[in-house]
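Asker: What follows is each chain in one-letter form.
Number of protein chains: 2
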Amino acid sequence: MGGSISPIVRITLLALVALAAYVASPRAAELRGSGDLGIIVERATGRVQVIETTNRTRLATVEGLGDLSHASAVFSRDQRYAYVFGRDGGLTKVDVLDPKIVGRVIQGGNSIGGAISQDGKLVAVSNYKPGGVKVFNSDTLELVADIPAVDADGVRSKTVGLVDAPGQRFVFSLYDAGEIWIADFSAGSTPKITKFPGIGKLPYDALVTDDGRYYIAGLFGEDGMAMLDLWSPEKGVTRILDGYGKGEKKLPVYKMPHLEGWAKAGDHIYLPAIGRHELLIVDPSNWKEVGRIQVHGQPVFAVARPDGRQVWVNFAHPNNDTVQVIDVPSQKIIHQFAPGKAILHLEFTPRGEQVWISVRDVGKVEVYDTETFAKITELPADKPSGIFLSARAHRTGL
Amino acid sequence: MGGSISPIVRITLLALVALAAYVASPRAAELRGSGDLGIIVERATGRVQVIETTNRTRLATVEGLGDLSHASAVFSRDQRYAYVFGRDGGLTKVDVLDPKIVGRVIQGGNSIGGAISQDGKLVAVSNYKPGGVKVFNSDTLELVADIPAVDADGVRSKTVGLVDAPGQRFVFSLYDAGEIWIADFSAGSTPKITKFPGIGKLPYDALVTDDGRYYIAGLFGEDGMAMLDLWSPEKGVTRILDGYGKGEKKLPVYKMPHLEGWAKAGDHIYLPAIGRHELLIVDPSNWKEVGRIQVHGQPVFAVARPDGRQVWVNFAHPNNDTVQVIDVPSQKIIHQFAPGKAILHLEFTPRGEQVWISVRDVGKVEVYDTETFAKITELPADKPSGIFLSARAHRTGL
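So the protein lines, in turn, are chains Y and X. The first sequence: position 44 = 43 (numbering that gives the first Met the number 0), numbered continuously. The second sequence: position 92 = 91 (numbering that gives the first Met the number 0), numbered continuously.
Some hints could be false.
The list treats identical chains as interchangeable, and a pair is accepted whether it falls inside one copy or across any two copies.
Taking lysine-lysine and the DSS-like style, the derived pairs with C-alpha atoms no more than 30 Å apart in a straight line are [to be verified]:
#1 K363 <-> K120
#2 K191 <-> K331
#3 K234 <-> K331
#4 K374 <-> K340
Honestly, the hints are just simulated from the structure, not real lab data.
Produce the complete structure using the sequences and hints provided.
Answerer: This is the structure:
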């Protein structure tokens with residue numbers, strides 16, 4: 000019968016097939032703003048959920064991200080792409096609008112966190128093994144710079160506490176060597192490295208204040224912290240909070256606190272006291288301790304609600320089923336609740352009306368109203384850990 | 000020849016026509032993130048440009064917004080929609096992803112600015128005539144609440160200095176009555192109104208600090224400002240900066256400064272001194288003046304770069320062709336340039352690497368690198384005034 004079809008019919012049919020194929024191809028994902036999107040890391044399954052915070056629903060899941068224990072993420076400046084840093088050294092670029100993996104490289108053997116440059120063009124990853132920082136083109140994931148963390152004695156360190164800072168800089172700490180390094184990419188893809196040796200023993204994590212000015216590294220091997228003023232790096236690193244009592248009782252440390260979960264609230268900064276059931280209250284005008292708050296366990300994250308009126312705290316094992324809320328003006332705990340075992344992360348919406356909390360062992364993420372403390376909703380999730388909202392794209396030092 | 004076409008060919012052709020029509024129909028707008036979008040107001044033509052800050056290009060123009068002199072805008076929490084407040088009382092909802100007007104109401108006769116609630120569901124507009132605030136559903140633009148600004152003597156005031164604050168509140172000032180009102184929508188669409196009378200004469204504009212805590216109204220009829228601590232409204236309104244010298248020389252005031260362009264930088268707040276060629280430097284821990292900086296003219300906007308290291312200032316006529324940049328640590332003017340007549344607005348990208356400046360009389364918007372002060376690009380624009388980036392969606396008090 001094929002031979003009996005006229006040329007015009009043949010062409011028409013071919014055109015029809017081509018058009019049908021075009022129409023049947025996966026339609027572009029729904030047109031929508033990306034300002035209210037986020038991801039939830041499902042750590043055991045190498046998967047992220049894409050969620051939105053307006054109606055608080057799951058939009059999609061994306062698989063194939065590798066080992067996501069201790070994973071974190073940053074977002075592109077258009078809030079379309081999440082860069083997910085896995086423990087296995089994987090750097091995965093996820094399209095959250097048209098949910099799929101659009102790039103993935105295994106860039107190290109064991110990595111811990113990353114950051115995105117001020118202009119959004121560079122993504123940096125902090126590696127335990129091989130110790131150092133690698134920097135990638137955020138479009139293509141091509142390697143732009145490799146910064147091995149080798150000190151003056153030739154010893155290679157794990158790198159920790161990697162943050163971005165204004166002026167196209169990344170700042171990080173060398174765990175084994177006890178150094179802070181600044182990598183300045185303002186002149187292009189070859190960074191200018193400034194090294195601060197001798198900052199103290201075993202920096203384990205760091206924070207930068209939200210203006211990008213003060214970089215503070217927690218020291219596991221000392222009873223204090225190391226502070227670098229990035230507006231005046233020539234002044235060097237200063238020891239602060241010396242003798243805050245980390246070692247007083249030699250408490251076992253169940254989990255290292257996260258300094259990235261630091262809280263600037265009102266006039267003070269609230270820091271988890273390593274090993275102790277306390278938050279330290281610090282005056283950032285002189286970096287002195289001005290008080291302590293007794294809390295339910297060893298704090299892991301102490302996160303300020305975006306308006307700074309409350310600080311929300313979660314805890315290490317065996318107290319990791321509980322969240323406490325501190326009222327900043329009175330410095331009192333005004334609310335406590337226990338959503339379930341293994342509360343791993345808290346993430347506020349950017350204007351602070353909601354908080355999203357991952358409860359790993361119960362397999363869900365709960366969303367609370369931060370004013371009434373009422374539970375708004377919960378979403379099922381497979382061993383959820385980190386929650387990262389796309390509005391992070393616009394913040395410094397994450 | 001038509002009669003000779005077989006049924007199968009006819010069906011095929013019909014299907015082809017249908018498919019072609021489908022394919023030729025206006026495609027959905029390009030799928031893209033909305034995190035790097037913004038609008039430029041073209042005041043004389045009732046038009047906005049939609050721009051993006053990654054490659055710094057114009058994506059589209061949207062017409063039909065009415066009188067846009069002194070227009071401002073806020074963004075939906077998903078960063079898809081801009082709500083544009085026109086001087087003619089028009090409230091226009093613009094889709095910046097699929098560029099077009101999706102809603103428009105004439106809600107008053109003469110209006111001045113607006114705000115969006117913490118949860119993104121309410122848009123409030125401040126009206127000179129009839130004096131008061133109207134609140135709309137952000138989805139539908141249906142009226143939710145009408146708050147006439149009538150004082151205890153029955154006098155109706157212009158409203159100014161409208162801002163959002165945490166706890167689903169709007170705060171604004173009554174110009175004629177000299178009052179500050181809080182409208183609290185946390186219980187639903189009927190607001191609880193709290194009134195603070197007797198705050199001083201002729202509040203002309205206001206700011207709220209970026210944590211949403213302190214609301215400060217400038218007073219045209221007094222030599223000072225009125226401050227309300229929204230964490231403790233029961234303490235009432237306090238007069239601050241009394242006698243800062245507004246009236247010393249009785250300088251003519253060419254243009255009222257915008258307090259919404261206030262600058263928190265480092266440990267201080269920089270405020271335009273009304274009528275004077277000065278910025279006031281204020282210590283927010285006690286609200287005392289701690290210094291002044293002499294500037295090129297009467298300041299209109301004094302805006303902090305997002306990291307707080309610089310304050311950029313523009314000026315009233317006849318000095319409105321110049322921009323000055325103040326270095327915060329040294330409090331010195333470190334850069335000055337003159338892009339052209341009638342510099343009306345400055346907008347930083349959220350992480351501060353770029354600043355966009357509208358130069359009305361030259362008909363362009365210029366983009367500068369804030370670290371090197373080099374001009375990166377310029378875009379033509381028809382009498383540009385306000386520039387509003389979608390990342391404003393996540394900030395309090397705009």
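Asker: Taking the earlier hints as the rules, which of them does this structure contradict?
Answerer: none
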